[in-house]
Each structure stands twice: as C-alpha cells, then as structure tokens.
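Undergrad: Now for the letters of each chain:
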Amino acid sequence: MPKTMSVLTARCGRIRPDSVKEYVATGGFEAFRKALAMEPMEIINEVMDAKLLGRGGASYPAGKKWKQLYEIPTFPKYIVCNADEGEPGTFKDKVLLEKDPLLVIEGMLIAGYVFDSHDGYIYIRGEYREIQRIFQAAIANAESAGFLGDNICGTDFSFRVHIVSGAGAYICGENSGLLNSIEAKTGRPRVKPPHLAEVGLFSMPTLVNNVESFAGIPVILSMGGKQFLELGSENSGGTKLICLSGNVNNRGTYEIPMHGVTLRDIIYDPELGGGIPDGKELKFFHLGGQSGPIGFPHQLDTVYSHDALKKVGLSVGSGAVVVLDESVCIIDYLKKVADFFIHESCGKCVPCREGNRQIRLILQKFSDGVATMQDFERLERLSLTMAMASSCGLGQAATTALDSCLIHAREEFIAHINGVCPVCFNSRKNGDTYAY
Amino acid sequence: MANQFEMQITKILDEQGRDQQKLLSILLDIQKASGKNYISEEAAEIVSREMGIPLVKLYDILTFYAMLETKPRGRFLIEVCNNAPCYVSKSDRIAQFLRQELGINFGQTTADGLFTLQYMPCVGACDIGPVIKIGDRVYGNLTEEKIRKILSDLTNNLEG
Numbered sequence: 001m002p003k004t005m006s007v008l009t010a011r012c013g014r015i016r017p018d019s020v021k022e023y024v025a026t027g028g029f030e031a032f033r034k035a036l037a038m039e040p041m042e043i044i045n046e047v048m049d050a051k052l053l054g055r056g057g058a059s060y061p062a063g064k065k066w067k068q069l070y071e072i073p074t075f076p077k078y079i080v081c082n083a084d085e086g087e088p089g090t091f092k093d094k095v096l097l098e099k100d101p102l103l104v105i106e107g108m109l110i111a112g113y114v115f116d117s118h119d120g121y122i123y124i125r126g127e128y129r130e131i132q133r134i135f136q137a138a139i140a141n142a143e144s145a146g147f148l149g150d151n152i153c154g155t156d157f158s159f160r161v162h163i164v165s166g167a168g169a170y171i172c173g174e175n176s177g178l179l180n181s182i183e184a185k186t187g188r189p190r191v192k193p194p195h196l197a198e199v200g201l202f203s204m205p206t207l208v209n210n211v212e213s214f215a216g217i218p219v220i221l222s223m224g225g226k227q228f229l230e231l232g233s234e235n236s237g238g239t240k241l242i243c244l245s246g247n248v249n250n251r252g253t254y255e256i257p258m259h260g261v262t263l264r265d266i267i268y269d270p271e272l273g274g275g276i277p278d279g280k281e282l283k284f285f286h287l288g289g290q291s292g293p294i295g296f297p298h299q300l301d302t303v304y305s306h307d308a309l310k311k312v313g314l315s316v317g318s319g320a321v322v323v324l325d326e327s328v329c330i331i332d333y334l335k336k337v338a339d340f341f342i343h344e345s346c347g348k349c350v351p352c353r354e355g356n357r358q359i360r361l362i363l364q365k366f367s368d369g370v371a372t373m374q375d376f377e378r379l380e381r382l383s384l385t386m387a388m389a390s391s392c393g394l395g396q397a398a399t400t401a402l403d404s405c406l407i408h409a410r411e412e413f414i415a416h417i418n419g420v421c422p423v424c425f426n427s428r429k430n431g432d433t434y435a436y
Numbered sequence: 001m002a003n004q005f006e007m008q009i010t011k012i013l014d015e016q017g018r019d020q021q022k023l024l025s026i027l028l029d030i031q032k033a034s035g036k037n038y039i040s041e042e043a044a045e046i047v048s049r050e051m052g053i054p055l056v057k058l059y060d061i062l063t064f065y066a067m068l069e070t071k072p073r074g075r076f077l078i079e080v081c082n083n084a085p086c087y088v089s090k091s092d093r094i095a096q097f098l099r100q101e102l103g104i105n106f107g108q109t110t111a112d113g114l115f116t117l118q119y120m121p122c123v124g125a126c127d128i129g130p131v132i133k134i135g136d137r138v139y140g141n142l143t144e145e146k147i148r149k150i151l152s153d154l155t156n157n158l159e160g
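First to last, the protein sequences are chains X and U.
Counting from 1, position 5 in the first sequence corresponds to residue 5 in the numbering used here; the numbering is continuous, with no gaps.
Counting from 1, position 58 in the second sequence corresponds to residue 58 in the numbering used here; the numbering is continuous, with no gaps.
Hints are not guaranteed to be accurate.
Stated by the list, open to error - Derived BS3-like pairs: lysine-lysine, alpha-carbon spacing no greater than 30 Å straight-line:
#1 X:Lys310 to X:Lys185
#2 X:Lys99 to X:Lys3
#3 U:Lys57 to X:Lys99
#4 X:Lys185 to X:Lys348
#5 X:Lys99 to U:Lys71
#6 X:Lys192 to U:Lys11
#7 X:Lys99 to U:Lys90
#8 X:Lys348 to U:Lys71
#9 U:Lys90 to X:Lys365
#10 U:Lys133 to X:Lys99
#11 X:Lys311 to X:Lys192
#12 U:Lys57 to X:Lys185
#13 X:Lys310 to X:Lys64
#14 X:Lys280 to U:Lys90
#15 U:Lys57 to U:Lys32
#16 U:Lys57 to U:Lys11
#17 X:Lys192 to X:Lys64
#18 X:Lys185 to U:Lys146
#19 U:Lys146 to X:Lys280
#20 U:Lys71 to X:Lys185
#21 X:Lys185 to U:Lys11
#22 X:Lys348 to U:Lys57
#23 X:Lys185 to U:Lys133
#24 X:Lys185 to U:Lys32
#25 U:Lys57 to U:Lys149
#26 U:Lys32 to U:Lys149
#27 X:Lys3 to X:Lys311
For the record, the hints were derived by calculation from the structure and aren't laboratory data.
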C-alpha cells in the first residue's frame, strides 16, 4: 500500500497556480458544476458522509458545522477561510495557497452556493505576503472566467472572495479572534456563546473553515462522501497533509491516507521522513503544532489517524510533526514552547497571560538545577488550572505538550531536580548555547 | 519630503481602497514604504483621517499586531525564527552569528540605520530551517557563509 497520495495535492506543482484554464483542464470547477445540480442539503449530506474533520487543528466535524449554519434562517451569511497558518511546524496550507489556490476558491464557492452567501473572506497571515499576491491573481482570473462575480456559470448565484491580510498575531488563528481582525479590530477572541454560526462576521451567521478543509470540499463532491471516508479511518475521512520538520532527513509536506500509515512510517519510511540524521536516536516528537501533545518512541506503532492517535493520548492537530533527536533536552524544548505562548497570549485572561509566564519561570528552575519535587507538582497544578480556566483554545492548549512530558518523561524532570541532565551538560561543554 | 510620503500613503490607500478590512494590508504597505519599517504618528494620522478610524483605535491595532511597529527601525528588518522547529535546526547559532556580524543585539538597529535584528515566530518554512525573513522574503537552510552573502548583497544593491 502506498504511504503517500496525491488527492488534495493532485495539481500542486503541475499547473500554473493562478491559471483558470489549466485548473479547468485538470477537472477544476467540475465539482462546483455538480453542486449546481444538487440541493444544498444533499451537498451537506455528502460532507457529513465524508466525515471530514476540520483541518485547522481542533478537528471539529465539518459536516456538523455546515448543518448547524444551514439551519439558521438569518441572512446574509458569510463564508470565511482561515488561512492564518501560524502553528509552529505547520506549513501545509501554504502549499495549497501557493500551488493550487483555485481549489480553495472552489471549496469556498461551493460553500457560498450551499448557504446562499454572496461574500467569502480569506484571512491570510501577514507573513505570507507573497502568497497573498498569488491568491489575488487567482481570484482575478476566476472573476474574468466567470467563476466568481455575478451570475456565475449563467445562474443567478453571485459570489465574491475578498483577501484580508493578517499582521503577525497567532491568536487570530482562533476563529472569533480572526473575525474581529477582519472587522479591523484587535484580534482578541470573543466570549462564546453565541457561536459564530449565529453571530459571526459583522454579527451575521458565519462559516469559518481551514484552508485544507475547504480544499477537501471539491474533492468530496467529485468522488462522493463515502469514497472520501474510505481514504481515512472509521470516524474521520480523507487524506491528511502532514508537515515534517526538526531532526528528520526529509523535511517537507506530504499527503498521506489516514489509515495504515504509522508514526514510525512517517518518521522512518524513505518515502516520508527517511529517519534521523547523523545516526542519532529518536527522543520524542511533537504533533499538531506547539499546542499539540508530545509523543515518545513507545507510541511509534500507532497509526496516524484521528481515531488511533486519540486512543494513546495524541492528536492530529494541524498536521505538524516535529521530530526531536537525543541531543534535545526536554526542559529546553518546553521552554521554547512556553516562550512562544508568552509571546502570543493576547493578555485578555489571567490563566493564560500569567500561567505561561509562571510555567516558564518554573522550567528555568529545572534548567538551573534548583527545582524540587514541589515545582514538579506546581507544573501539574498550573497546567490543569490553565486548561480549565483559560478563556480560549490558546490558553487551554498551551500546556498540552507539557502534560505529555509530565506523564512520559518524568525521569528527565527528576534528573534535573538531581542536577544531572546529560544533554544539557554535554551541549554546554561543546559550546552550544542551548540555554539562553 | 513630508509631502512626498503623504502622496505615497494616498497612493496606497487609492490602490487598496479604504475598506476597513484592508486596514492591516494598508498599514503593512505604508510601513514598507516608510523606509524605516514603521508607522509614524504622521502616517497614522493620515490613515485615521482618510479611513475614518479614530486615532486611539488605530494605535490599539498598531500595538497589538507583532508585524506593526510605531518606532523607527532599520531599512532592512532581519527577523530570525526562534520557534521550536527552527531551534532544533540550530537557529541559535544563526542568531549568534548575526549578532556578531552586525555588532548589535536583538531589538537594536545598526548605527548606519541599515539593519534591525529581531526575533519572529514561525513563518511556516520549517522544512528549510533555520530561517530568517528580510522584508517579505524568507531565506532558508542558512549557514554563516550564506548569511554573509545575503548581507553583502543587500548592502551592494543599495550602493548600485
């Protein structure tokens, strides 16, 4: 069985990204034409059959989200694509935006048709300025070819896609923060409920999906929801784009079916990661971005799917797979994670704003060799408090990685309490500046 | 000079339209055109007036988004990714080397006003880490030699 597939990425690198002609010649907009002949509820049923779980990181069932919005009788409705890909270790949306933007546009267009919406917004992070230009060109070409604008394909359906740029704020990846940012406000998350399906962009019902989720929509309509489900596992259909980085030979984005490919395959198979460089041993791996869990070698034979990973306390998240070898000190790594969340916390709620700082301070005590068992317990308690009391997903998930390590790498914390970390000791002796 | 910059801002506003959704994009363009990678009070006042956004709200935004800055920076903004994936690809060595080459610390600007050194969060280029970003361009798989060349190219283009 092949370990990689080209379903979402079938066109990537094979056509000129902004060319409608080449897109159509390779089957583009056929799914949309098919949609035009279907009832909106039939389309939603296909998405539900496909069991597409949201690809942004939270894995919320897309079909369920669509059905909820469909049942709300208020108009206008807005379609929003979350392209604020900021989860460290994640660069898969970039591939789709850069190499097949029209697939994402077609996904948004189908959603527009289903919800009788006339305006779609794609929020692309400010760091992807060049990609915004490619995407703008794709929109312009789709407009001149009659796939966006008024009376699309001779129907009375009108739909436009607008690009909104971010300007460097990870919190805007949170859907309600993102909507605030589109409305020219600071990107702090909103208090929920009301949910975005009821009160979203400009206080109207809104659908927010990730880039990869939208890209999946034309694919689902083309092959049928049931077929799409077969590419994945029991409760989660489709292929997944994964991003390999860190201490691994073949870094990059890969598309894999979500059944039959294990974490070991992802890291060691020559078709995928190709193993660890310089003959070093795997120490741990970080899944789904900084807010995801950390896995250890004893979990390597787990199949990469939402179902199987969940059983061992791991998750798919955004699709990031950061591989770390034996030369990385877990405490040092967790300090990096904490630094990230200190920088990105919007500061609105106390558990997240202060919790991340305290975690960083306690971890430093471990590095300095002055931590005690009480500090270990403090980390456990603080992490639980943040997960329960933070106002949005950022604070709630900021200590997911720490939690995995407190469970599976307890010995390394104890070693630091006892003042012996072989990794830190050796690397400092070699002149590396790991601790800073 | 002031008038010239004002004309540049008006041009950016005309090109992008004055829709509020374009605000961040407009501010990024103005920042780029400023030559010093920042939004001056003067520029903020023009945007506030032209787009009908109260100045206090504009400053709320300018100080919230990490890519926007209200104090002058160098002509070239060199940003080093210090997130975990780049960290394990030895981004700290790159950071150290840049500090040495430019003779400044992070958060500082060289005396000639050419370079500012900053950290940035992940730019989604972990497959080519360690990476730096200068302007809109990302440079990856960096070595000391590559950095030397990038810096000298930037300086030479300026003279040419």
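Undergrad: Can the restraint linking X:Lys99 and X:Lys3 be considered satisfied, given a maximum Cα separation of 30 Å?
TA: Given that 30 Å is the threshold and the Cα spacing comes to 22 Å, the pair holds.
Undergrad: Is the hinted pair U:Lys57 and X:Lys99 satisfied, with a Cα-Cα distance of at most 30 Å?
TA: It is violated: about 37 Å lies between the C-alpha atoms, which goes past 30 Å.
Undergrad: What's the verdict on X:Lys310 and X:Lys185, does the C-alpha distance respect the 30 Å limit or exceed it?
TA: violated, 36 Å
Undergrad: Would the hint linking X:Lys192 and U:Lys11 be met if the CA-CA limit is 30 Å?
TA: Status violated; Cα separation ~40 Å.
Undergrad: Please verify whether X:Lys311 and X:Lys192 have alpha carbons no more than 30 Å apart.
TA: The hint holds at about 29 Å.
Undergrad: Take a quick look at whether U:Lys32 and U:Lys149 sit within 30 Å of each other, Cα to Cα.
TA: holds, 23 Å
Undergrad: Has the given pair, U:Lys133 with X:Lys99, been kept, meaning a C-alpha gap of at most 30 Å?
TA: This hinted pair holds, its Cα atoms lying about 21 Å apart.
Undergrad: Sort out whether U:Lys149 lies within 30 Å of U:Lys57, counting only the CA atoms.
TA: Measuring from Cα to Cα gives roughly 42 Å; hence the hint is violated.
Undergrad: So if I understand the rule, the pair passes when the alpha-carbon distance is 30 Å or less; does X:Lys185 with U:Lys32 pass?
TA: Holds, at about 21 Å.
Undergrad: Between U:Lys57 and X:Lys185, is the straight-line Cα distance small enough, at 30 Å or below?
TA: holds, 8 Å
Undergrad: Straight-line Cα separation of X:Lys185 and U:Lys146 no greater than 30 Å?
TA: It is violated: about 40 Å lies between the C-alpha atoms, which goes past 30 Å.
Undergrad: If you draw a straight line from the CA of X:Lys185 to the CA of U:Lys133, is it 30 Å or shorter?
TA: holds, 26 Å
Going down the numbered hints, you'll see the structure goes against 1, 3, 5, 6, 18, 25, while the others check out.
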